[in-house]
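There are 4 protein chains.
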Amino acid sequence: MTEEDRAAYGIEGEWPVLRRHRIRWAECDMYGHVNHAAYLTLCEDLRVAHWLSLGGGFAPDAPGPVVAQLEARYLRPLGFDDAVALTLRPGSVRRTSYTHDYAVWKGGLVFSGKAVLVVVRNDTGERVPVPPEARRMLVAQGAKDEA
Amino acid sequence: MTEEDRAAYGIEGEWPVLRRHRIRWAECDMYGHVNHAAYLTLCEDLRVAHWLSLGGGFAPDAPGPVVAQLEARYLRPLGFDDAVALTLRPGSVRRTSYTHDYAVWKGGLVFSGKAVLVVVRNDTGERVPVPPEARRMLVAQGAKDEA
Amino acid sequence: MTEEDRAAYGIEGEWPVLRRHRIRWAECDMYGHVNHAAYLTLCEDLRVAHWLSLGGGFAPDAPGPVVAQLEARYLRPLGFDDAVALTLRPGSVRRTSYTHDYAVWKGGLVFSGKAVLVVVRNDTGERVPVPPEARRMLVAQGAKDEA
Amino acid sequence: MTEEDRAAYGIEGEWPVLRRHRIRWAECDMYGHVNHAAYLTLCEDLRVAHWLSLGGGFAPDAPGPVVAQLEARYLRPLGFDDAVALTLRPGSVRRTSYTHDYAVWKGGLVFSGKAVLVVVRNDTGERVPVPPEARRMLVAQGAKDEA
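Residue numbers (our numbering), protein chains in the order written: chain A, 2 to 148; chain B, 2 to 148; chain C, 2 to 148; chain D, 2 to 148.
Just chain A, with the same shape it has in the complex (with noise of 0.2 Å):
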């Protein structure tokens, strides 16, 4: 994230991720806004590029982040073709979750998520511990490690 980025969409704090994206025509709604179910698959986009970024895969037997809770603010409204922002920080990290933050911005903070990800094997659906590997990652990405 450069200071260029910083003012061009108002971003505010540290974010280790961040990914340029404009308003899709299929995001919309009759309301001629962002529906709110969009908000958070564009989060699911943030969320399974960093698991691969942080070694991990979707195989069926490898361990990989299911969405537990999920908080979500809907701050100000979004139209088709907006340019805007997605930023993402891990939060914390305990033995098998650990927690993301989400955030849209354009002129300021538009949108701020937050979900809690238990990691399973999807075949079997028994909770693994957070890969050593990726553990490290995330706190040098700024997580607590609550572990």
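Don't read these hints as lab results, they were simulated from the structure.
Keep in mind that the hints are not guaranteed to be accurate.
For identical chains, the list gives no copy identity; a pair is met inside one copy or between any two copies.
[Said to hold, decoys possible] Below, a list of computed lysine to any residue pairs in the SDA-like style, where the Cα atoms sit at most 25 Å apart:
hint : residue 1 : residue 2
1    : 107       : 125
2    : 107       : 124
3    : 107       : 69
4    : 107       : 47
5    : 107       : 67
6    : 145       : 108
7    : 115       : 129
8    : 107       : 58
9    : 107       : 78
10   : 107       : 127
11   : 115       : 96
12   : 107       : 123
13   : 115       : 77
14   : 115       : 69
15   : 107       : 119
16   : 107       : 59
17   : 145       : 133
18   : 145       : 92
19   : 115       : 74
20   : 145       : 33
Given chain A's structure and the hints, the job is docking chains B, C and D onto it.
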């Protein structure tokens, strides 16, 4: 909600709105489970039908509910073709906002959610009071009047 | 399909499968109309339910239909909360494929579609013959056997 | 479109519009493949950006393209995180309509589609002529003028 519904889906507590649903192919993701955002769109279905049932509408110059805050807890996964019950109850009503509790049931609670809804005129974006008749019905459905 | 259904939705022709549907908020776009892709997901709902009704399944090692070709005609727009009828009929069945005709009705024909479906084992990707019992039922529903 | 793009994705023929895309989690279904409708929403992204590039808009009282007919061929499946190229070219332009060809490429052609688009004023629903400047640009991009 009949006693048979309670037994069939493991529903607990009082819910003035109930809808039966069968999980769609399009709601499932690569993990073979309902995607986290699909639950929220199912809640949206309840929300907009509920607003209509309160005498509300969705014309640009009519007051309508907009999601300001959202919380969700994903307790157990759901799969394709699962038969579930979706329930809604209003929680509280203030001057220009009200809240909804949502739940999804299949052999007990699978998902719970909560939304803070602000009533706005979509064409101007201004907050407007919850219409008196809607307020009366919300309270009759169990909402606490906090105006 | 009863005569009442025919009259209520303006349905013409023979359709072995009928489903009533009310247009969802999430299916409408900024123009206030049902998005073109939402029709196809409604057709998908019919398609997968139909496959189950033929004795089929969707396990990775079971034969299942995959869309190979699609055609759609959008005749008149639909809006939020419209009550519509969705109909399906099989058109023809070959050795490893079959076709579906779809239609959406509201005061007459609103949308028509056609799909060519190839039966594959999802885990290997190989085309497999339409199972004999499914073929028998397709023909009983009016499909021409072109195998 | 550079020669590198052609080689990287196996693109054949002339396409005035190209967009790179990475398959999203939300675009994949239980079979681990991109859902058939997701391709059409990717085509929609190209279509609306293309209309903007022709000087068009999407205000209620502005002429805008509406899908009247659609054809699609699904040649090979795509999976999560696949890097693909999306291409668009106009095919022909009549008085109040024009056509688009779409393709998705990954090691050659994966998907091809075609749409007939009618230009309408959304607020009245009436068909209006393709604006002269848009027509000129469509022809410059290779569309046959059949008006």
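Status of each hint after checking the structure:
Proximity of residue 107 to residue 125 under the C-alpha cut-off of 25 Å is restricted to the inter-copy arrangement: shortest distance 20 Å between copies versus 41 Å within a copy. For the identical chains of this complex, residue 107 and residue 124 are inter-copy neighbours only, at 21 Å across copies versus 40 Å inside a copy, given an alpha-carbon limit of 25 Å. Only between protomers do residue 107 and residue 69 lie at most 25 Å apart by alpha-carbon distance; the minimum there is 17 Å, versus 28 Å within a single protomer. Taking the shortest Cα distances, residue 107 and residue 47 sit within 25 Å of each other both inside one copy (17 Å) and across copies (23 Å).
For a Cα distance limit of 25 Å, the shortest separation of residue 107 from residue 67 across copies, 19 Å, qualifies, whereas the shortest one inside one copy, 28 Å, does not. In this assembly of identical chains, the alpha carbons of residue 145 and residue 108 never lie at most 25 Å apart, being 29 Å within a copy and 36 Å across copies at closest. For the identical chains of this complex, residue 115 and residue 129 are intra-copy neighbours only, at 21 Å inside a copy versus 29 Å across copies, given an alpha-carbon limit of 25 Å. With identical chains, the CA atoms of residue 107 and residue 58 are at most 25 Å apart between copies only, with a shortest distance of 21 Å across copies and 31 Å within one.
Proximity of residue 107 and residue 78 under a CA criterion of 25 Å is satisfied intra-copy only: 10 Å inside one chain copy versus 33 Å between copies. Taking the shortest Cα distances, residue 107 and residue 127 sit within 25 Å of each other only across copies (20 Å), while inside one copy they are farther apart (39 Å). Taking the shortest alpha-carbon separations for residue 115 and residue 96, only the intra-copy value of 18 Å comes in at or below 25 Å, while the best inter-copy value is 28 Å. Taking the shortest Cα distances, residue 107 and residue 123 sit within 25 Å of each other only across copies (20 Å), while inside one copy they are farther apart (36 Å).
For the homomeric pair residue 115 and residue 77, the shortest alpha-carbon distances inside one copy (17 Å) and between copies (19 Å) are both at most 25 Å. With identical chains, the CA atoms of residue 115 and residue 69 are at most 25 Å apart both within one copy (11 Å) and between copies (15 Å). For the homomeric pair residue 107 and residue 119, the shortest alpha-carbon distance between copies (21 Å) is at most 25 Å, but the shortest distance inside one copy (30 Å) is not. Taking the closest pair of Cα atoms, residue 107 and residue 59 come within 25 Å of each other only across two copies (21 Å); inside a single copy the shortest separation is 31 Å, beyond that limit.
Taking identical chains as interchangeable, the C-alpha atoms of residue 145 and residue 133 lie at most 25 Å apart only when both belong to the same chain, with a minimum of 14 Å there against 48 Å between chains. Only within a single protomer do residue 145 and residue 92 lie at most 25 Å apart by alpha-carbon distance; the minimum there is 6 Å, versus 34 Å between protomers. Both within a single protomer and between protomers do residue 115 and residue 74 lie at most 25 Å apart by alpha-carbon distance, with minima of 9 Å and 12 Å respectively. Proximity of residue 145 to residue 33 under the C-alpha cut-off of 25 Å is found in neither arrangement, the shortest distances being 39 Å within a copy and 32 Å between copies.
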